[in-house]
Amino acid sequence: MSFTVSIQTQDFDVSQELAALRAGDARVGAVCSFLGTVRERNDGSSVASMELEHYPGMTEKSISAMMDEAKKRFDIFAARVIHRVGLLHPEDQIVWVAVTSAHRGESFKACEFLMDYLKTQAPFWKKEVTPEGARWVDARVSDDQALARWGIQASNTLS
Amino acid sequence: MKVNLKYFASIREAIGQGSESVNTQAATLQALRDELMARGGAYAEVLAHGRAVRMALDQDLCEGSAALSDGCEVAFFPPVTGG
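Chains as they are written, first to last, in my numbering: chain A, 1 to 159; chain B, 1 to 83.
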């Protein structure tokens, strides 16, 4: 049973991470994961690169808290979150969330829950470089709404 | 009391520094935000009421009513955009 988080600049190998997450646990019958990558377009502009900033300490603390919440809500055995920071380019891997469980339903739900939670509660910020210049990415109201589906009030975008 | 301040992303850029230490009589997060706004300039602009400013106390997201304590860490930042 392991619930771990890594914040790192370097890339990661999804196959290796998946294998490690379920290794030695024969109770596992389902592994579900989500991979987020850098798109070449956002909000109508092409994106040449982006810089990801975070709040060291709080980032790890908030993701650990969301894993504790996932453990309470779903029958899962292990979870891992990897989030990259620093300079990234289109097609690069940004974030990976993976969960193991006995049957698929619990890991599907837990994986989506963890991503919805991360989008509005974990302190990361993206700054994109576009032909019009560098700009901070705006938070989306739809991300607050995604977390609300789980019964958690998110106020990330509130003034 | 002494409070350790941290600023991130667009707020850090506007203020021109990522951290500072202040002595304050402010009892709550909101009172501290008002005190910083009273400095004027970039502080007044980026921390203004009506702006989407998130606040954390000792690395937990908190409302303005949260009580400060000596040596605590307070962070101001815009809405988060990770993932």
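Heads up, a few of these hints could be off.
Chain A regions said to be covered by chain B (calculated; three or more residues, Cβ under 8 Å) [to be verified]:
#1 46 to 54
#2 57 to 67
#3 98 to 104
Calculated Cβ distances over 10 Å to all of chain A for the following chain B residues [said to hold, decoys possible]:
#4 M1
#5 S10
#6 A26
#7 G40
#8 A42
#9 R51
#10 A56
#11 S65
#12 L68
#13 A75
#14 F77
#15 P79
#16 G83
Derived CB-CB ranges, DEER-like [said to hold, decoys possible]:
#17 A42(B) / A102(A): 52 to 58 Å
#18 A67(B) / S2(A): 34 to 40 Å
#19 S142(A) / R39(B): 41 to 47 Å
Note that these hints are calculated values from the structure, not bench results. The model shown is predicted, which means the values in this text are computed figures rather than measured ones. Beta carbons are placed, not taken as given, at the ideal position from N, Cα and C, and that holds for glycine.
Regarding the assertion that R51(B) does not contact chain A, is the least Cβ-Cβ distance greater than 10 Å?
violated, 6 Å
Cβ separation check - A75(B) to all of chain A, threshold 10 Å:
Non-interface label on A75(B) violated, nearest chain A Cβ at 6 Å vs cutoff 10 Å.
Would the least Cβ to Cβ distance between M1(B) and chain A come out above 10 Å?
For M1(B), whose nearest Cβ neighbour in chain A is about 21 Å away, the distance exceeds 10 Å, so it holds.
Is it true that S142(A) and R39(B) lie within 41 to 47 Å of each other by Cβ?
violated, 35 Å
Stated coverage of the segment 98 to 104 of chain A by chain B [criterion: 3+ residues, CB within 8 Å]
Coverage by chain B is violated for the segment 98 to 104 of chain A (0 residues, Cβ < 8 Å).
Is 52 to 58 Å right for how far apart the beta carbons of A42(B) and A102(A) are?
holds, 53 Å
Does the no-contact call for P79(B) survive, Cβ to all of chain A over 10 Å?
violated, 3 Å
Far enough from chain A: is every CB of that chain over 10 Å from the CB of G83(B)?
violated, 4 Å
Mind verifying the non-interface call on A42(B)? Its CB should be farther than 10 Å from each CB in chain A.
holds, 15 Å
Taking 10 Å as the cut and beta carbons as the points, is L68(B) off the interface with chain A?
holds, 17 Å
Please settle this one: A26(B) was flagged as non-interface, so is its CB more than 10 Å from every CB on chain A?
holds, 21 Å
Exclusion check [F77(B) not at the chain A interface, CB over 10 Å]
violated, 6 Å
Checked against the numbered hints given earlier, the structure breaks hints 3, 5, 9, 10, 13, 14, 15, 16 and 19 and satisfies all the rest.
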